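Visitor: My request is simple: use the sequences and hints to build the entire structure.
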Amino acid sequence: MRLLFMFFTLSCLAYSQATFQEQAQRLQNIFGYLIDFRAAAAPTVFDKTTLEVVLDLTPQPSIDTRVGIKEEDVEPPEVVPKLRGRIHLKNGLMLGGAYAPGLDFEGYKAEFVAVELGWRKSFGAWSGGIRGSYIDGDVEGPITEVDLDDLFTFTNMGVDVSVARTWNAWTGYGFVGINDIETELDVAIDGVHLVNDDDAVYGGLGIQWASKRWAFTLEQHATDDYLQHLIVSVAFRF
Amino acid sequence: MYRTYVACMCLVFSVISCSDADTLADEPPPEVVISGTPTYSNGVGELLALKCGYCHVFPAGDLSPDNVPDMDLNLYETRRVGEVNVAGADSLGRWIHEGILDHAVDKFKLIASPRRMPLDYGTQLTNREKDALEAWSDLATPRGDEVPPAAGNLQAGAEIYPACGSCHGDEGGGFSDFAPKIRRSHVTISKIKSMWLYRAGQFTPLTDSQAADLRSYIVTLDDLED
Numbered sequence: 001m002r003l004l005f006m007f008f009t010l011s012c013l014a015y016s017q018a019t020f021q022e023q024a025q026r027l028q029n030i031f032g033y034l035i036d037f038r039a040a041a042a043p044t045v046f047d048k049t050t051l052e053v054v055l056d057l058t059p060q061p062s063i064d065t066r067v068g069i070k071e072e073d074v075e076p077p078e079v080v081p082k083l084r085g086r087i088h089l090k091n092g093l094m095l096g097g098a099y100a101p102g103l104d105f106e107g108y109k110a111e112f113v114a115v116e117l118g119w120r121k122s123f124g125a126w127s128g129g130i131r132g133s134y135i136d137g138d139v140e141g142p143i144t145e146v147d148l149d150d151l152f153t154f155t156n157m158g159v160d161v162s163v164a165r166t167w168n169a170w171t172g173y174g175f176v177g178i179n180d181i182e183t184e185l186d187v188a189i190d191g192v193h194l195v196n197d198d199d200a201v202y203g204g205l206g207i208q209w210a211s212k213r214w215a216f217t218l219e220q221h222a223t224d225d226y227l228q229h230l231i232v233s234v235a236f237r238f
Numbered sequence: 239m240y241r242t243y244v245a246c247m248c249l250v251f252s253v254i255s256c257s258d259a260d261t262l263a264d265e266p267p268p269e270v271v272i273s274g275t276p277t278y279s280n281g282v283g284e285l286l287a288l289k290c291g292y293c294h295v296f297p298a299g300d301l302s303p304d305n306v307p308d309m310d311l312n313l314y315e316t317r318r319v320g321e322v323n324v325a326g327a328d329s330l331g332r333w334i335h336e337g338i339l340d341h342a343v344d345k346f347k348l349i350a351s352p353r354r355m356p357l358d359y360g361t362q363l364t365n366r367e368k369d370a371l372e373a374w375s376d377l378a379t380p381r382g383d384e385v386p387p388a389a390g391n392l393q394a395g396a397e398i399y400p401a402c403g404s405c406h407g408d409e410g411g412g413f414s415d416f417a418p419k420i421r422r423s424h425v426t427i428s429k430i431k432s433m434w435l436y437r438a439g440q441f442t443p444l445t446d447s448q449a450a451d452l453r454s455y456i457v458t459l460d461d462l463e464d
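Respectively, the protein sequence lines represent chains V and R. Quick note, in the working numbering, the first sequence goes up one by one and the last residue is 238. Quick note, in the working numbering, the second sequence goes up one by one and the last residue is 464.
Keep in mind the hints are simulated off the structure, nothing from the lab. It is possible that some hints are incorrect.
[What the hints assert, rightly or not] Restraint-style ranges between C-beta atoms, simulated for each label pair:
1) V:Asn168 / R:Glu269: 56 to 64 Å
2) V:Asp136 / R:Ser414: 50 to 58 Å
3) V:Leu51 / R:Cys256: 28 to 36 Å
4) V:Asp197 / R:Glu269: 25 to 33 Å
This structure is a prediction, so every number in the text was calculated from the model and none was measured. Built from N, CA and C at the ideal position, the CB exists for glycine as well.
Guide: Laid out in structure tokens, this is it:
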């Protein structure tokens with residue numbers, strides 16, 4: 001219950017004062033975590049080698065980007081997509097990855113490479129898994145000011161464990177992990193260079209419906225006490 | 239039976255699912271509270287380091303804008319570093335006097351694009367901090383541990399003054415916004431030494447003795463602002 005409380009309520013004991021550096025660091029953390037390579041799937045064990053193609057959609061929470069007294073009228077995408085692939089071996093091993101080759105999306109250009117490696121084990125209707133992930137990339141676009149090209153670079157490494165319970169086509173699961181994040185933001189307007197290195201505990205719950213070919217997943221994430229977000233995922237299995 | 243579990247799971251999920259981010263955007267800036275007379279030693283140094291020194295640092299740091307002048311507000315004294323004259327907090331008085339905490343100041347022609355300080359995206363000053371900095375400026379930006387200036391040699395000061403007078407005029411009345419009339423109460427040893435390096439662009443700092451000589455001469459000029 002305490003874990004639930006920690007993960008799913010924003011703290012009422014937030015900072016009472018904040019410097020520009022703290023505000024900028026928090027924003028970098030939030031954007032870094034929103035683009036992280038989270039599992040977005042139950043720790044399913046397959047009885048034969050299976051390939052999955054997955055589309056993740058991350059609805060972006062409302063983000064107040066004010067720093068100091070600078071009101072930024074930038075409008076980032078409301079949903080960030082991520083196309084990924086996974087191969088599941090019948091011994092429980094899972095290898096996945098994603099790549100975006102500098103695609104333009106609603107005024108932003110994102111380039112990243114991500115990999116994940118996991119191992120799952122089932123115990124009847126229950127299953128569990130451990131997974132490590134890595135993502136490295138950058139986003140170029142109007143992050144702090146319209147019509148300017150700022151550059152946000154990020155490198156995230158994470159490890160998480162998950163536990164699932166399956167009822168026919170439905171699976172409910174929970175997960176907890178820790179993430180190390182390194183971000184940099186080059187602000188075009190003044191040449192300011194912001195560097196950030198932080199880590200965070202994250203956790204969440206997910207619900208998945210799967211048929212032989214398709215799987216639909218809804219995941220709720222919470223990172224420390226300042227970010228909660230959803231990931232919707234659609235997978236096709238070969 | 240499984241439908242009950244799934245229904246419960248969906249219910250719990252619908253209750254907890256949300257999307258939210260706490261960005262600290264609404265948090266006010268921290269405040270340095272200064273009790274008594276504001277001096278560099280009494281609060282102003284701490285304030286400048288917290289709210290100005292992350293950009294105005296020498297060598298320029300990651301947070302420093304590209305066009306930041308050679309200035310280090312984490313230290314009091316203007317100094318010479320290698321081949322560069324680096325302004326310290328002792329050079330700030332005239333900027334504050336001209337209102338840089340409220341609007342851009344282009345009087346001194348030192349920067350291509352003058353802007354109000356702190357910049358919009360920087361850590362803002364509170365009203366009490368702004369009042370303290372203005373009071374500090376009015377007091378001639380004291381460090382707080384100055385010893386009374388030595389008497390100085392009037393004749394020696396007169397020999398140095400032409401380097402200052404080429405802009406401030408033979409009697410200290412100034413020529414333009416670039417070099418305004420000298421304020422009598424601001425003719426201090428630290429200001430003379432700061433202006434010598436930073437504004438006059440000299441390569442060799444004045445000694446305390448030379449600054450005292452110069453001071454003893456400047457305060458005798460006829461066109462100073464009282």
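Visitor: Does each hint hold? Answer for all of them.
Guide: Right, here's what the structure says about each hint:
1. V:Asn168 / R:Glu269: 56 to 64 Å: Holds - the Cβ-Cβ distance for V:Asn168 and R:Glu269, about 60 Å, lies within 56 to 64 Å.
2. V:Asp136 / R:Ser414: 50 to 58 Å: Taking Cβ atoms as reference, V:Asp136 and R:Ser414 lie about 55 Å apart, which means the hint holds.
3. V:Leu51 / R:Cys256: 28 to 36 Å: Because 33 Å falls inside the window, the suggested range holds.
4. V:Asp197 / R:Glu269: 25 to 33 Å: At 28 Å between Cβs, range holds.
When each numbered hint is compared with the structure, no violation occurs for any of them.
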